[in-house]
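Hey, can you work out the whole structure from these sequences and the hints?
Number of protein chains: 2
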Amino acid sequence: MKLQIAIDRVPLDQAESFARKLAPYSDILEAGTSLIKDYGVQALAALKKAAPDTALLGDMKTIDEGDYEFRQGYRSGADILTVMGASSVATIEKCYRVAEQTGREMMIDLLECAPETIGRISDFSNAIYCLHTSVDKGATADPNGDILAFKKRFPSVRRIAIAGGINLGSIEKLKESSPEIVIVGSGITKAGDPALAAQNFRKAMA
Amino acid sequence: MKLQIAIDRVPLDQAESFARKLAPYSDILEAGTSLIKDYGVQALAALKKAAPDTALLGDMKTIDEGDYEFRQGYRSGADILTVMGASSVATIEKCYRVAEQTGREMMIDLLECAPETIGRISDFSNAIYCLHTSVDKGATADPNGDILAFKKRFPSVRRIAIAGGINLGSIEKLKESSPEIVIVGSGITKAGDPALAAQNFRKAMA
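From first to last, the protein sequence lines are chains U and B. For what it's worth, the numbering used here labels the leading residue of the first sequence as 646, then goes sequentially. For what it's worth, the numbering used here labels the leading residue of the second sequence as 646, then goes sequentially.
These are calculated hints, taken from the structure and not from any lab test. The structure presented is a predicted model; accordingly, all values stated were derived computationally and were not measured. Some hints here could point you the wrong way.
To be verified - Pair by pair, the computed Cβ-Cβ distance ranges are:
#  : chain 1 : residue 1 : chain 2 : residue 2 : range
1  : B       : GLY814    : U       : SER831    : 46 to 52 Å
2  : B       : ASP787    : U       : ASP658    : 47 to 53 Å
3  : U       : SER823    : B       : LEU813    : 37 to 43 Å
4  : U       : ARG765    : B       : GLY748    : 37 to 43 Å
5  : B       : ARG847    : U       : GLY748    : 43 to 49 Å
6  : B       : ALA735    : U       : ARG720    : 32 to 38 Å
7  : B       : ALA794    : U       : LYS848    : 52 to 58 Å
8  : U       : ARG720    : B       : ASP787    : 34 to 40 Å
9  : U       : MET850    : B       : LYS694    : 43 to 49 Å
10 : U       : PRO656    : B       : PRO697    : 24 to 30 Å
Unchecked claim - Restricting the straight-line Cα-Cα distance to at most 20 Å, the calculated cross-link-like pairs of lysine to any residue (SDA-like) are:
#  : chain 1 : residue 1 : chain 2 : residue 2
11 : B       : LYS796    : B       : ILE763
12 : U       : LYS782    : B       : LEU819
13 : U       : LYS782    : B       : TYR713
14 : U       : LYS820    : U       : VAL802
15 : U       : LYS782    : B       : THR762
16 : U       : LYS835    : B       : TYR713
17 : U       : LYS818    : U       : LYS848
18 : U       : LYS782    : B       : PHE769
19 : B       : LYS835    : B       : TYR713
20 : U       : LYS835    : B       : ASP712
21 : U       : LYS782    : B       : ILE763
22 : U       : LYS782    : B       : ARG716
23 : B       : LYS782    : U       : ALA735
24 : B       : LYS782    : U       : ILE763
25 : B       : LYS835    : U       : ASP712
26 : B       : LYS835    : U       : TYR713
27 : U       : LYS782    : B       : ALA735
28 : B       : LYS694    : B       : GLY722
29 : B       : LYS666    : B       : LYS848
30 : U       : LYS797    : U       : PHE769
Claimed, not checked - Stretch by stretch, here's where chain B covers chain U in the computed footprint (C-beta under 8 Å, at least three residues):
#  : region
31 : 674-683
32 : 698-711
33 : 723-732
34 : 763-774
Every residue, glycine too, gets a C-beta built ideally from N, C-alpha and C.
Next comes the structure, spelled out in structure tokens:
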């Protein structure tokens, strides 16, 4: 399991500081959607500069204009970009094409996607599928159970990430379903000592 | 019918220049999603400064973090902000609360929303519901017919906007269904003479 740490809803200089401090404990650093909407894709360039040796995910949450947004995001330094599963299939196809052409990666955010929707978009073989519970709805109650159910229903999906209220207590259980990527945000960045919190997550994942 | 002109996928100085040139012919100027992702919410402040007397819509396409994103968008100068119909109901409720509290407006973008989804979110009485065909999928074939069918299915929805490949030829027919807002983007901004194109749309709408 890889640890992706999401940085969001802070001023850009604080986001850069988080990136520098948390890079040693992150497999992937994430520039959150609101950070991108606050500062634009320059937020991606800033985080990449702050932590050049760590993979950077830009949580673009693209839902239309797939070609344009993905080109802008990769050009700005992102290694992975997100597209909404709720987009039209045409949009996801455009994003995927740009990702494949540029040798980067695409994550499909399954926020609010019904199983029928997921069924229509489950064949992007290199994509990472992110099971995601809305911050506005509250945390996932059983992330491990969610992944096990997803794997059973969509056995062809190879790469899985999980996001939404993941805490230290979730990690031990997640070892059963073993997603490729575990995404943690405020559980680390809002801790009293974020670097220590990140280390604790890493230890729990080991 | 009001004319909303969308400005998108151009450098910020060109967007400001469009805002100044097109404000006289616009009821609403729109800062497009990609413009916001390129430059952040400062793009809203810049367009508001360029055309202070024209209503400004920020096409935030919020799909999570409703409270945070809407507060940021209104604070930056937007009079209207968009939330995705594909969001969780909790997200739309949060956006609506911020809109009502701050005396601003909310538009719900119905991109890729099934009728069952729309049924669940059709009771935000002051919201504008935007029928929207994805740029990536191609233009709406029959915008007038789409609105008539929508009105029949959701008679309680009072305020309707239409977006996606609207051209001069669509306008005459739209008089039948008479949406509150007609959204035009590249049909104006990519014309040889955008100000003239905007005037032609206004004439057609009269």
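These are the hints, each one checked on the structure:
Take GLY814 (chain B) and SER831 (chain U): their Cβ atoms lie about 50 Å apart, and the range 46 to 52 Å holds. Checked against the hint of 47 to 53 Å, the C-beta distance between ASP787 (chain B) and ASP658 (chain U) comes to roughly 50 Å, which is consistent with it. For SER823 (chain U) and LEU813 (chain B), the Cβ-Cβ distance of about 56 Å falls outside the hinted range of 37 to 43 Å, so the restraint is violated. With their beta carbons about 40 Å apart, ARG765 (chain U) and GLY748 (chain B) fall inside the hinted range of 37 to 43 Å.
Separated by about 47 Å at the C-beta atoms, ARG847 (chain B) and GLY748 (chain U) satisfy the suggested range of 43 to 49 Å. Between ALA735 (chain B) and ARG720 (chain U) the Cβ separation comes to about 34 Å, which falls inside the hinted range of 32 to 38 Å. Checked against the hint of 52 to 58 Å, the C-beta distance between ALA794 (chain B) and LYS848 (chain U) comes to roughly 57 Å, which is consistent with it. A beta carbon spacing of about 37 Å between ARG720 (chain U) and ASP787 (chain B) agrees with the range 34 to 40 Å that was offered as a hint.
The given range of 43 to 49 Å is respected by MET850 (chain U) and LYS694 (chain B), whose C-beta atoms sit roughly 48 Å from each other. The hinted window of 24 to 30 Å between PRO656 (chain U) and PRO697 (chain B) holds, with their beta carbons roughly 26 Å apart. Of the supplied pair hints, the one linking LYS796 (chain B) and ILE763 (chain B) holds, its CA atoms being roughly 12 Å apart against a limit of 20 Å. Distance check on the hinted pair: LYS782 (chain U) and LEU819 (chain B) sit about 38 Å apart at the alpha-carbon level, beyond 20 Å; violated.
Taking the CA atoms of LYS782 (chain U) and TYR713 (chain B), the gap is about 14 Å. The hint holds against a cut of 20 Å. For a cut-off of 20 Å, the pair hint linking LYS820 (chain U) to VAL802 (chain U) stands: about 18 Å separates their Cα positions. Taken as a hint, the LYS782 (chain U) and THR762 (chain B) pair is honoured in the structure, with Cα atoms around 16 Å apart against an allowance of 20 Å. Note on LYS835 (chain U) and TYR713 (chain B): the hinted pairing holds, with a Cα-Cα distance of about 16 Å set against a maximum of 20 Å.
Our distance criterion of 20 Å between C-alpha atoms is met by LYS818 (chain U) and LYS848 (chain U), whose separation comes to about 14 Å. This hinted pair checks out: LYS782 (chain U) and PHE769 (chain B) have alpha carbons roughly 18 Å apart, not beyond 20 Å. Distance hint between LYS835 (chain B) and TYR713 (chain B) is unfulfilled; the C-alpha atoms sit about 33 Å from each other, more than 20 Å. Between LYS835 (chain U) and ASP712 (chain B) the alpha-carbon distance is near 18 Å, which keeps this suggested pair within the 20 Å criterion.
With a C-alpha separation of about 18 Å, the suggested pairing of LYS782 (chain U) with ILE763 (chain B) holds against the 20 Å cut-off. Between LYS782 (chain U) and ARG716 (chain B) the CA atoms are separated by roughly 18 Å; this keeps the pair inside 20 Å, and the hint holds. Our distance criterion of 20 Å between C-alpha atoms is met by LYS782 (chain B) and ALA735 (chain U), whose separation comes to about 6 Å. With a C-alpha separation of about 18 Å, the suggested pairing of LYS782 (chain B) with ILE763 (chain U) holds against the 20 Å cut-off.
For the suggested pair LYS835 (chain B) and ASP712 (chain U), the alpha carbons sit about 18 Å apart, so the restraint of at most 20 Å is met. For the given pair, LYS835 (chain B) sits about 16 Å from TYR713 (chain U) by alpha-carbon distance, which is consistent with the 20 Å threshold. In summary, the hint linking LYS782 (chain U) to ALA735 (chain B) is supported, as the alpha carbons are separated by about 6 Å, within the 20 Å threshold. Of the pairs offered as hints, the one joining LYS694 (chain B) and GLY722 (chain B) holds, with about 9 Å between alpha carbons and a cut-off of 20 Å not exceeded.
This hinted pair checks out: LYS666 (chain B) and LYS848 (chain B) have alpha carbons roughly 17 Å apart, not beyond 20 Å. Between the alpha carbons of LYS797 (chain U) and PHE769 (chain U) the distance comes to roughly 18 Å, so the proposed pair stays at or under 20 Å and holds. Taking a C-beta to C-beta cut-off of 8 Å, the region 674-683 of chain U contributes 5 residues in contact with chain B, enough for the three needed, and the coverage statement holds. By the rule of at least three residues with a Cβ nearer than 8 Å to a Cβ of chain B, the coverage given for the region 698-711 of chain U holds, with 6 such residues.
Taking a C-beta to C-beta cut-off of 8 Å, the region 723-732 of chain U contributes 3 residues in contact with chain B, enough for the three needed, and the coverage statement holds. Look at the region 763-774 of chain U against chain B: 0 of its residues bring a Cβ nearer than 8 Å to a Cβ of that chain, fewer than three, so the hint is violated.
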